[in-house]
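Colleague: Sequence:
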Amino acid sequence: MEQDPQPKWEGKVSERLPKATADQIWPLLNDFFNLHKWFPSLATCYGIHGTNGEPGCIRHCEGSSIPSTDTNTDGHSQPVSWSSERLTVVDHVERSLSYEIVDSNIGFKSYVSTVKVVPQGDDGQDGCVIEWSFNVDPVAGLVLDELVRKYKVGLQQMAERLEDAVKGF
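Here the sequence shown stands for residues 1 to 169, where the numbers follow the UniProt record's numbering.
Please note that a few of the clues may not be correct.
[To be verified] Quick list of in silico lysine to aspartate or glutamate cross-link-like pairs, EDC-like style, CA-CA up to 20 Å:
#1 37 to 137
#2 19 to 137
#3 12 to 137
#4 116 to 54
Keep in mind the hints are simulated off the structure, nothing from the lab.
Because the structure is a prediction, the values reported are computed rather than measured.
Take the sequences, apply the hints, and build the full model.
Modeller: Okay, structure coming up:
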């Protein structure tokens, strides 16, 4: 008898950037091939297909925030975690983008994520909020709350880097 599939995991985290406007932050996040500049656990991120920032382009990211599901055969260091991610939607008016993982060694299946930059205040000059949501099939060896926590910590660190980057603008 076939088991019912587990429902998809859904998560959402957000972080307020009081010293940076949405107009300042959006161009940095929309630089799809260069997420490693802002996301601290990524060692590298680069384009492997298409034009940066256009739907259909694909980036390759390597880092350590989510453990690899590859087995360690040499008894030494763990393999680098990696994913290839396709940009599916870009909305410059709403300052949002969505992407999906097309290949990885981190166990994610059917992963889709949306990042949105929301202006704060009536005139958009009271900072902004970055919202990062995802849905994914349950991941063996992980717990949803743990995954959401990893996203929250990563987004907090990313927000600090982004705010620091726009101080001189």
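Colleague: Quick check: which numbered hints come out false for this structure?
Modeller: Violated hints (numbers, rising): 1, 2; every other hint is consistent with the structure.
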